[in-house]
Amino acid sequence: MELSEHIKTANVEDVTLRRPFHPALRGTLCVTSHHLLFSNRKDEASWQLLILLKNIDAIEKRAVGSSGTITIKCKDLLVLQLEIPGMEECLNIASSIEALSSLESVTEMYPFFYRPSHLTLLGPWGLSTTEQYYKQTERLWDRWRVSKVNSDYSVCPSYPSAVIVPREVDDDKLIRSARFRQGGRFPVLSYCHHSNGMVIMRSSQPLTGANKKRCKEDELLLQAVIDGSELGYIIDLRSAQQAQQARMTGGGFESKSCYRHWKRIHRHHERGKVVQESLIKLVEACSDLSHSVDRWLSKLENSKWLSHVHSALSTAGLVVECVERDGHSVLVHGSEGTDNTLLVSSLAQIILDPASRTVTGFLCLLEREWIQAGHPFQQRCAHSAYSHARLKQECPSFLLLLDCVWQVWRQFPLALEFSEALLLRLAQEVYASNYGTFLCNNEQERCAAGVKENTHCLFQSMLKPDIEEQYLNPLYEPTDLAIWPSVHPQSLQLWTGMFLRWTEYAQNMEEAREEVWSIVKEHRERV
Amino acid sequence: MEHIRTPKVEQVKLLDRFSNKSVTGTLHLTATHLIFVESNSTSAQEIWILHHHIASVEKLSLTTSGCPLLIQCRNFRLVHFVIPRERDCHDIYSSLLRLLRPVSYDELYAFSYNPKQNDQQREEGWQLIDLAAEFERMGVPCDQWQLTDVNREYKVCKTYPRDLYVPITASKPIIVGSSKFRSKGRFPVLTYFYQEKKAAVCRCSQPLSGFSARCLEDEHMLQAISKANHNSRYIYVMDTRPKLNALANRAAGKGYENEDNYSNIRFQFVGIENIHVMRGSLQKLLEVVGTRSLSMTDYLVGLENSGWLRHIKAIMDAAIFLAKAVTVEGASVLVHCSDGWDRTAQVCALGSLLMDPYYRTIKGFMVLIEKDWISFGHKFADRCDQLNIDPKEVSPIFTQFLECVWQLTEQFPQAFEFSEWFLIQIHEHVHSCQFGNFLGNSQRQREDLQLKERTYSLWAHLLNEKQNYLNPVYSPSFAESHPVLEPSTQAYHFKFWRNMYHQYDRSMHPRQSILKHVLTLKDSNRELEGTVQALKTKLQKFGVRTSPLKPQTPPRERSIAPRPQSLILGAPLLSRKEVQQEEDEEVFGEEAREDAPASTGGERTVEGSSATENGYGEVMGSFGSKNEPGVVTLEFGVARMSC
Numbered sequence: 001m002e003l004s005e006h007i008k009t010a011n012v013e014d015v016t017l018r019r020p021f022h023p024a025l026r027g028t029l030c031v032t033s034h035h036l037l038f039s040n041r042k043d044e045a046s047w048q049l050l051i052l053l054k055n056i057d058a059i060e061k062r063a064v065g066s067s068g069t070i071t072i073k074c075k076d077l078l079v080l081q082l083e084i085p086g087m088e089e090c091l092n093i094a095s096s097i098e099a100l101s102s103l104e105s106v107t108e109m110y111p112f113f114y115r116p117s118h119l120t121l122l123g124p125w126g127l128s129t130t131e132q133y134y135k136q137t138e139r140l141w142d143r144w145r146v147s148k149v150n151s152d153y154s155v156c157p158s159y160p161s162a163v164i165v166p167r168e169v170d171d172d173k174l175i176r177s178a179r180f181r182q183g184g185r186f187p188v189l190s191y192c193h194h195s196n197g198m199v200i201m202r203s204s205q206p207l208t209g210a211n212k213k214r215c216k217e218d219e220l221l222l223q224a225v226i227d228g229s230e231l232g233y234i235i236d237l238r239s240a241q242q243a244q245q246a247r248m249t250g251g252g253f254e255s256k257s258c259y260r261h262w263k264r265i266h267r268h269h270e271r272g273k274v275v276q277e278s279l280i281k282l283v284e285a286c287s288d289l290s291h292s293v294d295r296w297l298s299k300l301e302n303s304k305w306l307s308h309v310h311s312a313l314s315t316a317g318l319v320v321e322c323v324e325r326d327g328h329s330v331l332v333h334g335s336e337g338t339d340n341t342l343l344v345s346s347l348a349q350i351i352l353d354p355a356s357r358t359v360t361g362f363l364c365l366l367e368r369e370w371i372q373a374g375h376p377f378q379q380r381c382a383h384s385a386y387s388h389a390r391l392k393q394e395c396p397s398f399l400l401l402l403d404c405v406w407q408v409w410r411q412f413p414l415a416l417e418f419s420e421a422l423l424l425r426l427a428q429e430v431y432a433s434n435y436g437t438f439l440c441n442n443e444q445e446r447c448a449a450g451v452k453e454n455t456h457c458l459f460q461s462m463l464k465p466d467i468e469e470q471y472l473n474p475l476y477e478p479t480d481l482a483i484w485p486s487v488h489p490q491s492l493q494l495w496t497g498m499f500l501r502w503t504e505y506a507q508n509m510e511e512a513r514e515e516v517w518s519i520v521k522e523h524r525e526r527v
Numbered sequence: 001m002e003h004i005r006t007p008k009v010e011q012v013k014l015l016d017r018f019s020n021k022s023v024t025g026t027l028h029l030t031a032t033h034l035i036f037v038e039s040n041s042t043s044a045q046e047i048w049i050l051h052h053h054i055a056s057v058e059k060l061s062l063t064t065s066g067c068p069l070l071i072q073c074r075n076f077r078l079v080h081f082v083i084p085r086e087r088d089c090h091d092i093y094s095s096l097l098r099l100l101r102p103v104s105y106d107e108l109y110a111f112s113y114n115p116k117q118n119d120q121q122r123e124e125g126w127q128l129i130d131l132a133a134e135f136e137r138m139g140v141p142c143d144q145w146q147l148t149d150v151n152r153e154y155k156v157c158k159t160y161p162r163d164l165y166v167p168i169t170a171s172k173p174i175i176v177g178s179s180k181f182r183s184k185g186r187f188p189v190l191t192y193f194y195q196e197k198k199a200a201v202c203r204c205s206q207p208l209s210g211f212s213a214r215c216l217e218d219e220h221m222l223q224a225i226s227k228a229n230h231n232s233r234y235i236y237v238m239d240t241r242p243k244l245n246a247l248a249n250r251a252a253g254k255g256y257e258n259e260d261n262y263s264n265i266r267f268q269f270v271g272i273e274n275i276h277v278m279r280g281s282l283q284k285l286l287e288v289v290g291t292r293s294l295s296m297t298d299y300l301v302g303l304e305n306s307g308w309l310r311h312i313k314a315i316m317d318a319a320i321f322l323a324k325a326v327t328v329e330g331a332s333v334l335v336h337c338s339d340g341w342d343r344t345a346q347v348c349a350l351g352s353l354l355m356d357p358y359y360r361t362i363k364g365f366m367v368l369i370e371k372d373w374i375s376f377g378h379k380f381a382d383r384c385d386q387l388n389i390d391p392k393e394v395s396p397i398f399t400q401f402l403e404c405v406w407q408l409t410e411q412f413p414q415a416f417e418f419s420e421w422f423l424i425q426i427h428e429h430v431h432s433c434q435f436g437n438f439l440g441n442s443q444r445q446r447e448d449l450q451l452k453e454r455t456y457s458l459w460a461h462l463l464n465e466k467q468n469y470l471n472p473v474y475s476p477s478f479a480e481s482h483p484v485l486e487p488s489t490q491a492y493h494f495k496f497w498r499n500m501y502h503q504y505d506r507s508m509h510p511r512q513s514i515l516k517h518v519l520t521l522k523d524s525n526r527e528l529e530g531t532v533q534a535l536k537t538k539l540q541k542f543g544v545r546t547s548p549l550k551p552q553t554p555p556r557e558r559s560i561a562p563r564p565q566s567l568i569l570g571a572p573l574l575s576r577k578e579v580q581q582e583e584d585e586e587v588f589g590e591e592a593r594e595d596a597p598a599s600t601g602g603e604r605t606v607e608g609s610s611a612t613e614n615g616y617g618e619v620m621g622s623f624g625s626k627n628e629p630g631v632v633t634l635e636f637g638v639a640r641m642s643c
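Which chain is which? The protein sequence lines are A and B, in order.
Note that the first sequence covers residues 1 to 527 in full-length UniProt numbering.
Note that the second sequence covers residues 1 to 643 in full-length UniProt numbering.
So that you can see chain A by itself, here it is in the shape it has in the complex (with noise of 0.2 Å):
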C-alpha cells in the first residue's frame, strides 16, 4: 500500500492550533505522508508548523457540536490541540495520522526521502568507525587488536563488523566466548583510559544456566585483559538475586572459581519496562497543573525517575573509582548488554575521559557506544511517554543517558564542551528524526535497509560550523582531570529543560542564558 493511500483528508481550512503558551492561531492544516503541517497566512507574513508524523506519539480525538478536536502529544512531549471543522475531516485526519505515524517498514520512513540541498548522500556516513577509533588510539596498538570475526554477522547479529579485542586471543576462541554469552556479546574493549592503560570492556551475560556450565575460551579472553595484573572487576547491573535467579532461565554470572583474577561487584538497576513507566509516570507528574507541593513530590518520588537517574550515576562513578583511583580494569554487564550496560559505560567514559566532552567526541562517543554497539533504538524508541499502545519493548536508555549527562554538566558547568541544547536535540532526534542515525536496532539491519546509502547521518549534520554553534558552551574550559558527581539525592534534580521545556518554565531561563552568552563573548573580544 502506497503511503499516500492512508491519507484520506489532505487538507482542511480553518482549523484552530492552539499550543502551551501561545496564543490560538488559525490556518490550514495538512497530512502528507511523513508530515503534519500548519500554516497561517496572516497578512503577509506566514507561519508554519511541520510535525514529523514519526513524532506523533498519541492522538485524542474528542466530538464537540459539528466540529472534532484532536489532541496530538508528541514524543518530544509537546502536546498541541486543533480544532477540525467537520467531523468526518476531523475522523479521517485522525485516522490518517494514527496509520501514518506508526508505520514500521523502515525504508518507508521519512530519513529515506528527506535530501536538503547543503548535505550530500555522497563521502563516508558517519564520524568514525572501529578502524579509525583503533588508528586514533595509539596506546591500544600494544596489547590489543581488530578483530573481524562479525564481519558477516554471524558471531553477534548486533555487534559491528569490527571490534577490539585483546591481541593475544584468537577469532576462534572469540566465536566460543560468544557462543557462551548472550546474543552471541562477547566480551570487548569499551575504552582505555589515557592515564593508566586501565580498560572498560563490556559484554552480555555467560550463559552459564543452572548447571554452572564454563567456558575455558570466555575465562581466558578474560585472563588476557587484565593480562598479569591482580585484579579486574566485573560489575554486574543486577542485583545477586537476580544474577542466581537468571542461571534458571540459562543466563548467569561469572563465579569466583572460574574468574579466580576477577572481582564481581553488583548492582542492581531497573530495566525495561520499568523504566518505561517511569517516564510516563514522570511526564505525567509534569503535565498535572493541581498545585499542591506534596501531590508533586509524591507523584515525582513514585515514578522513580530521579531514582534511576540516582543509581546509573553511582554505578558509573564506581566503574571510574576503580579504572581511575584504584587503577583496575573493568568489565560491565547487565542481562542483553545492550541498555544498562552501555549506559554505564558510556557515562564512565564522560567523567574520565576529557576527549568525550568535546561536541565531536560526545557524538563519536555516541556513536560507538551506542549506534554501532548495537542499543536496539528502534524497538526502545517506538513509543515514548503518551502513548496508549501496549508497550513491548520500550525503554528509554537513551534519555537517561542524556539525563545523567545533564546531571553532570550541572555540576560541572565549565567542563564540556557542549550546552543543554544539544542533549535536548537528541532527545528529540531519538524518538523521530529526518536523519538515518537512530534508525534500527543495530549495524545489521542497517547494512540490510540501505541506512548508510540512503539517508543523511545526524551527528555529520550537527557538526557542520554553523550549526555546531548553537550547541557550544559559553563557559567551556577543558579539564583533564576526572569530573566526579555528587551523588547525593540533594545534588540531582529534576532536568527542567527537558521536561518542562513545554511551559513557562523555559523563557526566563533562556533570556539569563543568553545574557551569560553575551558576557563571555563581550570578554572574549576585549581580551
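Errors might be hidden in some of the hints.
Residues from chain B that face chain A, not an exhaustive set, calculated with beta carbons under 7 Å [as the list claims (entries may be wrong)]:
1. E304
2. Y492
3. R498
4. V518
Hints listed in this document are in silico derivations from the structure and should not be mistaken for laboratory results.
For every residue, glycine included, the Cβ atom is placed at its ideal position computed from N, Cα and C.
Chain A is fixed; fit chain B onto it per the hints.
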C-alpha cells in the same frame, strides 16, 4: 575567659558527615570561637565556629577512639569531633555549654567585635539605611497619608518603631482606640505605598474581638485606610493564619474581623502555619537531608513529609495574592496574623518585593529588611535564640523569607541585583550576633542597648563587599519591563535550597560554579574597559584620534578582587589526588570574613583596618602570640571580663 577550662586539645579527629573520612587536628577554644586546625601542615585547613552559631552540643557515648562531640549550628553546619581523652571532651563540652548560653545582651559578640573603624565610620554605617527617606521614595507623606508622632515615646505600642504612617483622617483618639483593640497594641499602619494606584499595604495584629466584641475606633481606622484610596471601594483584610487557628483565638478574646462590623472590607484567610509548625517542619527537613547514604526515595518522601516546601509555597501564595490585589485591583490591603510580627512580616516584605523592583537591588533589599523586619519588631532575639530564653519561641521565620526570595531568584534569574550568596550571608549574620542590626526584639530595646553607639552595622559591611554579592546576569531593563513579578506557583518551581542547608557539606557541591565564573568574567570585562579608557585619555593627551582601539596586552596581572572561598561560589577543580586530599579535609572558612583566600595556607597577619581582618587578632591571641597584645587584650577585655 574563666569559662574556658581547656583552651586547646590536640589529636582531635574531625569526622566527615557523609562519608567515613576523617582528619586530625587541634581544637582551640577562645572567648568567641571554637577553632579546629588541621595538623597536616601543607594544607592546614581551619574551621572557625562562632559560639553564637552553635545551636546544640552533644556528648555521645565513649568509643574506642575517644569521646565524640557533636555540634550543630544554626547555619546548618554540623561537625562531629572525636576527642581522645574523655576529660578534655568534658571540659570542652561544659565550657561550650556556658559560652553558648550568654546571660545578657552584653555578652554577645557584637559588643566586643571591633573592625577597627573609627566612630565616624561606624556612624556612617548606621546612617546608610534611612527609613524616612524610604517612605519618601514611595511618595509618603502625601495628601492621604501622614507621619504620626503618637508613638514617639513608645507609649501606644512598645514593639512598633517611633515613626509611623497613618491615613490623614485617622485622628489620635482613633489610633489610640484602635491600638487598644489590637493584640499588643499593634494598630494598622502603613508599610508600603504603591504610588501608581495610590493603594496601601498596611499591617497590624489580630483584633481583640473574641466572639462579639467591637471597637468603633478600629472600625474607623479601617474606614480611614479605605477612604485614603480613591481607586477602590473596598480594602482587603488578609488574615495570614489558617482559619482554624483564628477561630481558636476567639476563645482567648482575640480573633479576626467580622465583615458585618466593618464596612467595605473583603476578608480573606491565607493559611500560613504558626511558628511551632514551622520549627518542627525545619527540624524534620534537616533530619532527612542529614541522613547518610540517603536514597532518592527516602529523600523525596522525607522532603514531602517535612512539609517545608508546602509552607514556603503558602507564604509565596499569600504574597502573590497581596501583590495582585494592590497592583491589579488597585485595592489597599491590611495584613495581619496573631501578633503581626511573623507571618505578617513575611507576607508584607515578600509582597513588596514582588511589586517594587527597588527591593530587588542590594541596597533596596537591605531597606526592606530594615523596614518590615527590624523596625516593625520581628522578634529576632527570640526567633534566633540570641539569649537562649525559650526554645518554644525559636522559629525559622526569617529563614523562610530568605528562601522565598531565593525561590524567586530561581524563577527570575535576571530580576535580582544580588545572588544567593548575599541571602546566605545575611542568614549567617542574623545568627552570628556580630553586628548590631538584628539584636533584640524591637526598636525600643535596640535603643536601650545603645546599639548604634556600641556595635557596627551589617549593611555597611555587606556594601563594602558588594562585588561578591552581585548577580552577574542581573538586568535593570528586566526590572523596567517587569516592574511587578508574577511568579508561577506550579509545585515544581519549589525546590530544595541545597546551598543554604548544605552550605558546609563539601561533597554536596558542584566543583564548578557558573556564578563565580561569570562574575569573574564580568570583573575582568570592567577592568579591560577601564584600561581602554585610560589608554584613550593618554592618547588624547598626545593628540591622537581614537576610535577603533583595543588594548594590546590585557592587564591580567592586575588583581581582581578575591572571591570569598565558598562552596557556593565553587570549589576549585582538582586532580584526583588533590580531590581525595580535599575530601579528607573539611571545608575551610566559616564566613568570608575569616576566609582570606589570599592568605590560605600562608601566614596570618593582623595588619590592616578593614572589617574583614578582625578575626586574625583573635587567632593570634588565642594561639598565645605576642605580636599584637593590644588588640588581644581589648578583644577579650570587652568580651569576657564582665562575666
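Numbers of the earlier hints that this structure fails to satisfy, in rising order = none
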